[in-house]
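J.: Spelled out, the chains give:
Protein chains: 4
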Amino acid sequence: MGIIGMGRIGNVHYQNLLTFDDVSVKTICDILIDEVWKEKYPAVSTLVKDYHQILTDPEIDAVLICTPTDLHPQITIDAARAGKDIFCEKPVGFKNEDILEAYRVVNQMGVKFEVGFNRRFDKHFDRIVEYRDENRIGDPQLLKITSRDPEPPSLDYVEHSGGIFMDMTIHDFDMARFITGQEVAEVHVFGDILIDDRIRKFKDIDTAVISLKFVNGMLGVIDNSRKAVYGYDQRIELFGSKGVSRAENILNSETTFVGKEGALADTPMYFFLQRYKEAYAQELRSFFGAVRGEHPVACSFDDGVRAIRLAEAAKRSLLSGQVEKVAEIK
Amino acid sequence: MGIIGMGRIGNVHYQNLLTFDDVSVKTICDILIDEVWKEKYPAVSTLVKDYHQILTDPEIDAVLICTPTDLHPQITIDAARAGKDIFCEKPVGFKNEDILEAYRVVNQMGVKFEVGFNRRFDKHFDRIVEYRDENRIGDPQLLKITSRDPEPPSLDYVEHSGGIFMDMTIHDFDMARFITGQEVAEVHVFGDILIDDRIRKFKDIDTAVISLKFVNGMLGVIDNSRKAVYGYDQRIELFGSKGVSRAENILNSETTFVGKEGALADTPMYFFLQRYKEAYAQELRSFFGAVRGEHPVACSFDDGVRAIRLAEAAKRSLLSGQVEKVAEIK
Amino acid sequence: MGIIGMGRIGNVHYQNLLTFDDVSVKTICDILIDEVWKEKYPAVSTLVKDYHQILTDPEIDAVLICTPTDLHPQITIDAARAGKDIFCEKPVGFKNEDILEAYRVVNQMGVKFEVGFNRRFDKHFDRIVEYRDENRIGDPQLLKITSRDPEPPSLDYVEHSGGIFMDMTIHDFDMARFITGQEVAEVHVFGDILIDDRIRKFKDIDTAVISLKFVNGMLGVIDNSRKAVYGYDQRIELFGSKGVSRAENILNSETTFVGKEGALADTPMYFFLQRYKEAYAQELRSFFGAVRGEHPVACSFDDGVRAIRLAEAAKRSLLSGQVEKVAEIK
Amino acid sequence: MGIIGMGRIGNVHYQNLLTFDDVSVKTICDILIDEVWKEKYPAVSTLVKDYHQILTDPEIDAVLICTPTDLHPQITIDAARAGKDIFCEKPVGFKNEDILEAYRVVNQMGVKFEVGFNRRFDKHFDRIVEYRDENRIGDPQLLKITSRDPEPPSLDYVEHSGGIFMDMTIHDFDMARFITGQEVAEVHVFGDILIDDRIRKFKDIDTAVISLKFVNGMLGVIDNSRKAVYGYDQRIELFGSKGVSRAENILNSETTFVGKEGALADTPMYFFLQRYKEAYAQELRSFFGAVRGEHPVACSFDDGVRAIRLAEAAKRSLLSGQVEKVAEIK
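Residue numbers (the working numbering), protein chains in the order written: chain H, 1 to 330; chain Y, 1 to 330; chain V, 1 to 330; chain P, 1 to 330.
Read the hints as simulated data drawn from the structure, not as lab findings. One or more hints might be untrue.
Stated by the list, open to error - Below, computed lysine-lysine pairings styled on DSBU-like, alpha-carbon distance capped at 30 angstroms:
| hint | chain 1 | residue 1 | chain 2 | residue 2 |
| --- | --- | --- | --- | --- |
| 1 | P | LYS201 | P | LYS325 |
| 2 | P | LYS49 | Y | LYS227 |
| 3 | P | LYS227 | Y | LYS260 |
| 4 | P | LYS260 | P | LYS277 |
| 5 | V | LYS330 | Y | LYS277 |
| 6 | Y | LYS123 | Y | LYS277 |
| 7 | P | LYS330 | P | LYS201 |
| 8 | V | LYS325 | P | LYS203 |
| 9 | Y | LYS260 | Y | LYS242 |
| 10 | H | LYS277 | P | LYS325 |
| 11 | P | LYS325 | V | LYS203 |
| 12 | Y | LYS123 | H | LYS203 |
| 13 | P | LYS277 | Y | LYS123 |
| 14 | P | LYS260 | P | LYS95 |
| 15 | V | LYS95 | V | LYS203 |
| 16 | V | LYS26 | V | LYS38 |
| 17 | V | LYS227 | V | LYS325 |
| 18 | V | LYS325 | V | LYS203 |
| 19 | V | LYS203 | H | LYS260 |
| 20 | V | LYS260 | Y | LYS40 |
| 21 | V | LYS260 | H | LYS203 |
Looking at chain H on its own, in the form it has when it is part of the complex:
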């Protein structure tokens, strides 16, 4: 298979693929590639600057798209037309028409397509779904997602991120659907800039409380912050007629100290690549399982589109100050 885009996330996937017995990375593609990279990636046979070289290689069955978001739809279209199965990082794109065109081509070509919502593969969150599927939680009534980054991205990143809802909350929107198995009907946002006023010029915010009303009547709330100084705060709680399931943070260690002044424990893991280390590997294992036809794709193009619509509804609610209906987003 091949990887298109060797930035941070491309490298995460590359490292994980090295430990897979049944998948080999033949070609990697990046516009910055030069001779030195050969030493950096000894296990790879071909390094290219133009992703079309990957798409025309008949030995390559599947590609990972890890480029900047604005390139996702075009590469998806080209890869689908080349008959490759596709794993594409989230979000599937920025512009609605491009995304829908890519969706159409993927469906038409019948290739497999998976969106990289890594949190679906986290064993702690999956445990909530297990409790739900065992019908321990009963009828779901309330969903709560806490999702706070340890520190804000650079202003440069913010500028091209598509805004907090498209860049950060989109994971939570996907989890809202994944954890409950329900669709969201209405969205209301209270948002503010409480951390760094410089993002005002990008019309973005850094702190938000996003309320959800689901189609089946159940309620939900996501709280987001760009800066939780104590680490990456990622908790989910699903409450229903028979009980509640909660996924707590993963700490740097399970060791405590208790002295005269109080009890000390370690903070949550700080870095998302560390927190979701196993989930990233599991995500690719699942994708290649789907490529081999062992099971359906775990996170479909449709899932990618629906998460984007929730992000769009949130954006509109922030502007309007009122509730927005998801069905009205096309």
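Fit chains Y, V and P to the supplied structure of chain H, relying on the hints for placement.
T.: Structure of chains Y, V and P alone, referenced to chain H:
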């Protein structure tokens, strides 16, 4: 002192007062009082059916008003005019004009007046305020309150409760102000009937997500359910620029069992009188401290009025489906 | 009923009895009693210096013996002969012959006798016994008791305490029997002075690891320290063929703070009267239930004697440096 | 480098080495090797049955010895004479004279030698050492190690294991030294067969409480069981004059469910390779760091010998029923 209204909460206060060295309950008043009660309350000298008998007793300095809510304002007015210091159960009343009249008289007569928001005296919640006051949390940015009852009240109770916001969420509205030290500017509610459809005829709901925007820009959310089968779920979290403080539930025991099938722990305490046992005693200790002039009243008439306005804003938001501004509630 | 000895523990029991509807404290006895005490104990009708005045009062059914330990046997004998039911603080005495004589008289007179091992009434420890009785733990195999005081007693107290095993570990020896329902066969002690060298002159120690072999083959270990700076550390763990049950410490609050430097939680409750507050009340409720014939005495004279024999075995093991058999202690 | 012995632990090390950029496995050796293994180990250039082929290869700098324990000393001697740096699985051998001879040759040849006590590299246990080194714990006074396997090994394994102390407790003996930084002076054991009576024929036990007295006067206790049905129970606690540090178990997930019947959490990880997954990788990283001269070997031959002496003392104490002095074991 005297107690007016010897229902459940009147009796809770009575039992607590028995253990106070420096306060004695001279008279209790209840419309149901009969001869048998003398044996039930041996420590009390006088039992009366008409609360005016308490108000005219010059030996009585202070009264506890524990009657149904609709009587609170009139008894408050009468007690204030009689020069008694007043502890009044929450909420201070139902009708706005009655409440404001009572407020006016209390101020005019200069008696001390405390509203019974017992959670302010819970050591676990107070610990959050301590962390805040020590400036460990930094600038507060997000408040989260989980407040779920173990089981819904009777339909009869619901009918006269004033609705979920006035009966149940009012505690959370008071905590929202108490924990943050900030005033709420805007309220948005998503609410639904997910537990028992029979409350629909009272135009009430049983599940709610209430988002808050504070005057200082910080955000908040309260989630309410009338039925958490696992017990009384009372958690608060205050997140700020320097960290987060969380108060967790109090369990029936700190003992666990771990076997092949998993680890078992006990559920949160089920009954509010058990959960807030110490807080109820502390609340009265504080009130009598204020009566003796040792410190100001901990929860003033103004606090009572402001909580009611938040409940009213929530009610309006549920009806309008949109954000309501608290300043517009008079 | 009457209380003999109004030191710290006598007063704890007195306060608890005030809240009991069905028990009234008629007389209290203390050699230090004077006129001022009448104001201090308004609920008591008689205050005496000589405990025989309690024993000869036909209106008094039961007595609490809360004097220094060396007086326990004689007062027990006198009270038993006067036909009173007896609650006696631990340990039942110091000298073996005195204890056995008191035991004989109690049996002969057929009065009820309970030893004040308050920890048997702690809901957290009782929960382990519940798990055991539900046969969740299976065959018990290992018992672990951590029992550490927050600070050492005064040297003066140490001198008359009977040594660490008789004063402090005796509670743990009783718990070893209570939690497992088994008898101890052999004891081995490693002990040392690691906190304050001044207790060496009393031939006492302040830190110990006490290993136990039970008659049924199961094993156990108690660790003791006179000084856990972080609070009163009281944990028990029972491990068996089907699982393990653990009782953890009770913290000053369930509120945490997580900041950049780590997560903070509160320390275990510091003072034993606070930690075991509910257990002390429950202990007396149980005693008076037994006095009224509702159930057998929960902690018998025999239990008191067996705990003392374990303390004696530990003392001998510390001296001999070897294993001591409990059956050889008479 | 080369690996000698490709059983379970040899394969664990092999998998970890695949992810190291700076180490390559040239040759693996196993007496069972055949043609099929070439496909199983594509990254390896040479597969041999005779370990001498590894020792004579000048391209190989270091070897991992992962054979059965009785072969460790001879291979160590041969590898040291061949000038290879050596990583040897625990224990370093069974027979005292063989071990001491190997030790002598290693010292004489000046090669680096590390014993595979993987728990030294566990981040949770290391955190205790960090707290100790920061002088937060103060003077260490008590060490407690809980070490329970999820299920007993096969009887066949037990027969050749060297007994519970040499096979299982040896890890705990090493941790006792590592966590405290102190040497053990005396050992006392209570042990029993409480799980499976069939091991009686090998004169082994399955449950033990091992008390320790350290040279500096501090005390310790290890409890061992061959069968904790709920998973691999690995906890350590170090208590001192200024506080206590505790490393708790790692659970299968940090997700809970709370329903009417109680709260459920996941069990500790069951399998030692899963529990210590990161520690095994870290152990090798450290060894190759030492081989490259970046830091001293983290766990020396002397550490290996001292752990064996503690195991021997425990064995003697079980037989004698009394305390054994470690200094008397040669």
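J.: Please list, smallest to largest, the hint numbers that this structure does not respect.
T.: The structure breaks hints 2, 4, 5, 9, 10, 12, 13, 14 and 20; every other hint is satisfied.
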